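Since the structure of chain A is provided, determine the placement of chain B on it from the hints.
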Amino acid sequence: MRPSVKFLSDELLQKIVAEAKELLCTVGVELNNLKALKLLSDHGAKAEKEKSRVIFTPDLIETALRTAPRSFKLFDVLGNETHHFEGMAVYFTPGSAALYILDHQSKEIRHPVTDDYINYAKVISQLKYIASQSTALIPADVHEKISDSYRLYLSLLFCEKPVVTGTFTIESFEIMKNFQLAVRGSEEALRTKPLTIFSCCPTSPLKWSEVTSQNVMDCARYGIPVEFIAMPLSGFLAPVTLVGTLIQHTAETLSGIVLSQITRPGTPMLYGGSPAIFDIRYETTPMGAIETMMIDCAYNEIGKYLGLPTQAYISLSDAKRLDAQAGVETGIGAVLAALSGINNVSGPGMLDFESCQSLEKLVLDNEVCGMSYRLLQGIEPKDDFPALPLFQELLQEQHLLISRHTRRYLKEEIFFPGEVIDRANRARWKEQGALELEQRAHDQVQQLIRTYQPSRLPDEIKKELRKLMKTEARRYGQEKLPEGNRD
Amino acid sequence: MNMLMKISDYLCQGDDEKVVQLVNQAIAENISARDILEQGLLVGMGIISERFKNHEIFLPDVLLASKAMHAGLEKLKPLLIETDVPSLGKVVIGTVQGDLHDIGKNLVGIMLKGAGFEVIDLGKGVAPEKFLEAAQAEQAQIIGMSALLTTTMPVMKNVVALVKERGFQGKIKTIIGGAPVTEDYARQIGADGYAYDAARAVEKVKELLGVIKV
Numbered sequence: 001m002r003p004s005v006k007f008l009s010d011e012l013l014q015k016i017v018a019e020a021k022e023l024l025c026t027v028g029v030e031l032n033n034l035k036a037l038k039l040l041s042d043h044g045a046k047a048e049k050e051k052s053r054v055i056f057t058p059d060l061i062e063t064a065l066r067t068a069p070r071s072f073k074l075f076d077v078l079g080n081e082t083h084h085f086e087g088m089a090v091y092f093t094p095g096s097a098a099l100y101i102l103d104h105q106s107k108e109i110r111h112p113v114t115d116d117y118i119n120y121a122k123v124i125s126q127l128k129y130i131a132s133q134s135t136a137l138i139p140a141d142v143h144e145k146i147s148d149s150y151r152l153y154l155s156l157l158f159c160e161k162p163v164v165t166g167t168f169t170i171e172s173f174e175i176m177k178n179f180q181l182a183v184r185g186s187e188e189a190l191r192t193k194p195l196t197i198f199s200c201c202p203t204s205p206l207k208w209s210e211v212t213s214q215n216v217m218d219c220a221r222y223g224i225p226v227e228f229i230a231m232p233l234s235g236f237l238a239p240v241t242l243v244g245t246l247i248q249h250t251a252e253t254l255s256g257i258v259l260s261q262i263t264r265p266g267t268p269m270l271y272g273g274s275p276a277i278f279d280i281r282y283e284t285t286p287m288g289a290i291e292t293m294m295i296d297c298a299y300n301e302i303g304k305y306l307g308l309p310t311q312a313y314i315s316l317s318d319a320k321r322l323d324a325q326a327g328v329e330t331g332i333g334a335v336l337a338a339l340s341g342i343n344n345v346s347g348p349g350m351l352d353f354e355s356c357q358s359l360e361k362l363v364l365d366n367e368v369c370g371m372s373y374r375l376l377q378g379i380e381p382k383d384d385f386p387a388l389p390l391f392q393e394l395l396q397e398q399h400l401l402i403s404r405h406t407r408r409y410l411k412e413e414i415f416f417p418g419e420v421i422d423r424a425n426r427a428r429w430k431e432q433g434a435l436e437l438e439q440r441a442h443d444q445v446q447q448l449i450r451t452y453q454p455s456r457l458p459d460e461i462k463k464e465l466r467k468l469m470k471t472e473a474r475r476y477g478q479e480k481l482p483e484g485n486r487d
Numbered sequence: 488m489n490m491l492m493k494i495s496d497y498l499c500q501g502d503d504e505k506v507v508q509l510v511n512q513a514i515a516e517n518i519s520a521r522d523i524l525e526q527g528l529l530v531g532m533g534i535i536s537e538r539f540k541n542h543e544i545f546l547p548d549v550l551l552a553s554k555a556m557h558a559g560l561e562k563l564k565p566l567l568i569e570t571d572v573p574s575l576g577k578v579v580i581g582t583v584q585g586d587l588h589d590i591g592k593n594l595v596g597i598m599l600k601g602a603g604f605e606v607i608d609l610g611k612g613v614a615p616e617k618f619l620e621a622a623q624a625e626q627a628q629i630i631g632m633s634a635l636l637t638t639t640m641p642v643m644k645n646v647v648a649l650v651k652e653r654g655f656q657g658k659i660k661t662i663i664g665g666a667p668v669t670e671d672y673a674r675q676i677g678a679d680g681y682a683y684d685a686a687r688a689v690e691k692v693k694e695l696l697g698v699i700k701v
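Protein chains in written order, with this note's numbering: chain A, 1 to 487; chain B, 488 to 701.
Be aware that a few hints might be false.
[Unchecked claim] As a list, the in silico SDA-like pairs of lysine to any residue whose alpha-carbon atoms are at most 25 Å apart:
{"hint": "1", "chain 1": "B", "residue 1": "K554", "chain 2": "A", "residue 2": "R407"}
{"hint": "2", "chain 1": "A", "residue 1": "K411", "chain 2": "B", "residue 2": "L594"}
{"hint": "3", "chain 1": "A", "residue 1": "K73", "chain 2": "A", "residue 2": "G185"}
Simulated from the structure, these hints should not be mistaken for lab results. These numbers were taken from a predicted model, which means no experiment stands behind them.
Just chain A, with the same shape it has in the complex (with noise of 0.2 Å):
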């Protein structure tokens, strides 16, 4: 049996879907974007141009969620397929866009550059139970219309897991889809098989920037799948309450799926997004506390009800350092989110309100995703009736230390994590250096960097997306990329 988590009652949830829908159908969502407005108004939708206002109809709604597929799969840049986000299945991956970059030795954050970015290229490359890389860090040392697709453009170049991304303007679009099809050889084949996903948020409370909703469209165009990234904040720019909070993000979720389906029908999409309360004693905005978790997981469950696999910002921390609060709030989170079976899981590495990440995060939550990838195989038998067989060897040797039974399900039964978790007894921690969390997180780093394996991407499609970021960064009068960038 599956072990598994929920948090809405059927009525619950389709109470809450019911006035989300309602919603949409009354006061609708600002939509600043007139090709937007025009496409949905084309549809049936009634637009109010001068108001930059859409209101949608059960109809529009309806005809999206039949066409939104309820499966799909993503693969890596060689085109092996690496994720099947359907049902119950989770994936991990690091939580994207960062800011900041926690330094280990001076234990403070700093803006990353190329380096780091490589860096955490090579170490996500290795990471076993992460099976995606996102764009997790905004390199400092580019010009900052570049920003955005420069990550895409090293995270294709250096390691060859599926990218979790996103655009930050609209221009970008063209670059980062073109990255993607060097990679695949052809609309089609990137079509057929997906290579990124691309996050587009709306704005709380139901609105949507020409940016974003742009996005939505162009994405929808290419086959690139997308995940919708409501952020409602609970008693602040959404209600107080959980159901009221979550009513707000079905109706700016739902939103979304509208218009990429409209666009596209058949549209690959995630149901996803990164709520958060409120709390007003720091007016911020914390991804670690619980009721955070709880809306996540109760999305997740609308998300599924509505046919449609899903993601979340969960399993991360607002800790300015990997200290405890980093590994409860990110354990809590990943088990919940495991749990609850969200397709994609967005958090490993993340810190500080998804503005900071660390490598050293990074192997620690490998382990985290690890021991929640246990949890779901539950609990089962293996070969353990009858019982009796088993317990006369044990009482006639005295141990089953090398019973066949132990050596055919010591491996399958029990997680083994790696060295970043302590399991030494005290003598031999103080032996081996009585090294602290942090430290041992970052020999593990240094040793992934050590052992990295370039990416098999063939050496001509590498140069090509040499040649066209190079030509995208001219366009903005940057005549050479920072060095280093290369395997």
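Frame of chain A, contents of chain B only:
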């Protein structure tokens, strides 16, 4: 793959039947017993120790390899001149008087046997006199003691003192372990060794007896 490499390989897999079969075959092919031992069995055990240290394999793998090693060694013994036979020695072990916790001690026993030592397990609640008597009677070179309670730890001190008092210091070496026991305590009471777990206990015993390999 040559015969000796195959022996090492099957030993690493813990396949005692294959090891015995190949050792017999090697003997029949006139490969010297010493070469079979040193370039086959011991090479395999070396690989196993290294992998165990690096956490690539687990305790059961080591024990199985040891079992295969000893199965092979049995076939070689009649052919080896006496000095070539790896003789590891005898260890008397027990949980000290007043203490009934023997899980750790049992694990040490299993590991020592796996490594090729002869183990005389006196059980739990063992009085100081008993340790020494058994060691003398069995001509053991090591007394291993375990305690889980701070209240029973002083019994270890008594055993160490008794060994000294009876003039066996240096001839019978003492090694201690258990949750409350520390390296410092071992030094304080004059024990010859301390180990924080069973795998380390084996290493420590080998060190005390000057056994390098096997």
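Checklist entry - Which of the listed hints are broken here? => result Violated: none.
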